[in-house]
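Given the coordinates of chain A, assemble chain B onto it according to the supplied hints.
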Amino acid sequence: MTAVTDRQRMAYIATQASEARVNVELQTEDMTLNLGPQHPATHGTLRVVAKLNGEQVIDADVVCGYMHRGYEKLTEVRTYPQVTTLINRIDWLSSFANEVPFILAAEKLMDIEAPPRAQYIRTMFFEMARIANIGLFLGEMALQVGALTPAFYAFRDREFVLNQIEAATGGRFHPNYDRIGGLKEDLPKGWVAETQAVMKRLREFCDELEGLVAGNVIFENRCRGVGVIPAEVGKAYGVSGANIRASGVDWDLRRDEPSPLVWKDLDWKVWTHPDGDSFARYWVRLQEVREATLMVDQMLEGLPAGPIQAKVPRIIKVPAGEAWVHTDNPLGEMGFYIVSQGGLGPFRCKIRSASFNNVSVLPWLLRGTYVPDIITILASLYFILGDIDR
Amino acid sequence: MIALVAAVHMPYWLETVIKVVVVLGVIPMMALMLGYVFLMKMMSHMQSRLGPMDAGPHGVLQLVADGVKFLQKEDLTPANADKWVFALAPLLVLISTFLLYVVVPAGPRLVVQDLNTGIFFALAVSSISVIGVLMAGWASANKYSLLGALRAAGQLIAYELPLVLAVIGVVIQAGTMSLQGIVHAQEHGAVFGFDNLGEPFILTQLVGFLLFLMASQAELTQTPFDMPVAESELVAGYMTEYSGFRFLFFFMGEFGTAAALSAIAATLYLGGWYVPGVHGTAADVIGPIVLITKMMLVAFLIFWVRFTYPRFREDQLQAFAWKYLIPIALANILITGLLKVAF
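Order-wise, the sequence lines are chains A and B. The C-terminal position of the first sequence is numbered 390 in this note's numbering, with every residue numbered one higher than the one before it. The C-terminal position of the second sequence is numbered 1343 in this note's numbering, with every residue numbered one higher than the one before it.
What the hints contain is simulated information worked out from the structure, not anything from laboratory work. Since we're looking at a predicted model, the values are computed, not measured. Idealized CB from N, CA, C, for every residue including glycine. Check the hints yourself; a few may be wrong.
Over 12 Å on every C-beta distance to chain A, these chain B residues come out as not near it, computed from the model [stated by the list, open to error]:
1. 1014
2. 1029
3. 1033
4. 1049
5. 1157
6. 1177
7. 1181
8. 1207
9. 1224
10. 1309
11. 1317
12. 1341
Chain A is faced by these chain B residues, among others (derived, beta-carbon under 7 Å) [stated by the list, open to error]:
13. 1041
14. 1045
15. 1047
16. 1048
17. 1056
18. 1143
19. 1233
20. 1313
21. 1316
Next up, chain A with everything else stripped away, as it sits in the complex (with noise of 0.2 Å):
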């Protein structure tokens, strides 16, 4: 901790001297640039005030609510089974990995156990998610940092993965198909060769980007040394998901906490990535979404059989106390804090959505950067403003 302050107060007296040094002699001005919230490169409602010098970054800071919906008080007027369609809404990019943790939240609070097959179908979906929407941001990345192909490829490969979960659930983009105890609905026939053969393609569609982007000299340029985050720093602005991971800290909560679901008996890994900048987000994202279509395919293979539900009352309510359950999901960790006081929906619930605290590192990161540099910041930080704001 003491090191980042030091950092920090060396940084902002450096950029001070630097800015009179050149006021001095130049006699030039700030310029202020409002970058958002109607900006192209902001995907939302993010807004960035940048202090430039020239297009170097002086000072940066993020404002943000402007999409505040007020989902933490809106569980509390309703009941368990209804709060999984607001929560959907929060990273609408992956919205069944929202419902995982707040489900498991109420079943820990029930002391119920979903049956094994709910927990494989929960999981593989989970990992689904992680496909849709890291997937679209490999070619959104690609997009921000100027190459225009990339992002039609993700949006095209994407699409597979929608097609499977909606064919399951229902939903394409929203699929509301977590229940307490259980799942809405077993798969539909066929749908597992389908699946398989979808994941195959996605993997040849992480080749292609790897070749494409990653493998790109001017992205290569333009991402390597970038935002640099160190871990520590990281760590104190409580980073989370991919965006720590891609500086070199080894931790994810799939691996690390005690969960029903089936991620224990796979054989997967956790990629890290030594420099914490650009790039490395980027190759760390790529290779988890490969992971993700394995440890996908895995489950398919082991998928058992048996009932998706198990025994519930037929109106739900949750007994008093506290649960927190946190899953690391696409965008990082997310957690619900659930107080329950024996009614039918939440007493209070607090959600932990991971864009909220990787944004805050913004005004450290921003610092001293041109603007060019911001967008790929942005980009590679890769948020949700539904995540940011809930």
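Chain B in isolation, oriented as in the chain A frame:
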């Protein structure tokens, strides 16, 4: 057409009027053609989508429809804008495009004006657009526009140099600066012992050709050199505040210049309107078709790169010009000069 005109000995004023009409017709046609073939259809197919399909067969008339749409839009001028400069800037960009076409020959007699310093003139007028871009950025009273315009100025100055230096190799080989003369110089020579096939300069000036392509890509502010209009950073750079037909002018300027620079590259390196075995009046007839074919080939390369690569950062862009392109261009001139003296 001009060939016929020349044959009948029209009065000077009539000839001039016809030339003006031809140029005025050719440039929007070229811009439309490149815009449709490459920006709309080729990009779409590369990105596994169809692109416009409804306006005309395969959406051929899409750009016409877009043009009509632009004309109907409100001509907005920001309240703080410097009105006159704001209005003049797109015209200046377009003038630079129009002047480029003056010296490009489409046949032995099909040229608006065959200047004996043709290529020098073309490169000189192509830089006028920088002034237009700077004016647009400054007059818009918008920070994104200003950043975009300053980037454009820095970039166009840096890449003007490799563009000129790349051409010098051809000028040394041809011994003339007239574009018509350069085409004639490529009519003679032998390729692998076959006579009468001509000798396009791309065979000896491949390095120069690649340099010219890269530099013209930067001149056109197309990806990977599209810093001035960087969509994801600067919204639309210096064009941010422009709407309606003024925006259309910028669009036509961009694609008209792309066509002109491709045509110049085709003339310099691929033999221009010349095709083996065709001489005299026949060359005047099929010359334009040959030139347009070659121009489309060059434009294909430019747009292919545009749709494939990410964007440079400003400092990397400058480093690329000064550290790589210019030294290579200088070495190319040196070697060409030595060989010219030796043989």
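Numbers of the earlier hints that this structure fails to satisfy, in rising order: Failing hints, ascending: 4, 9, 10, 11, 13, 14 and 17.
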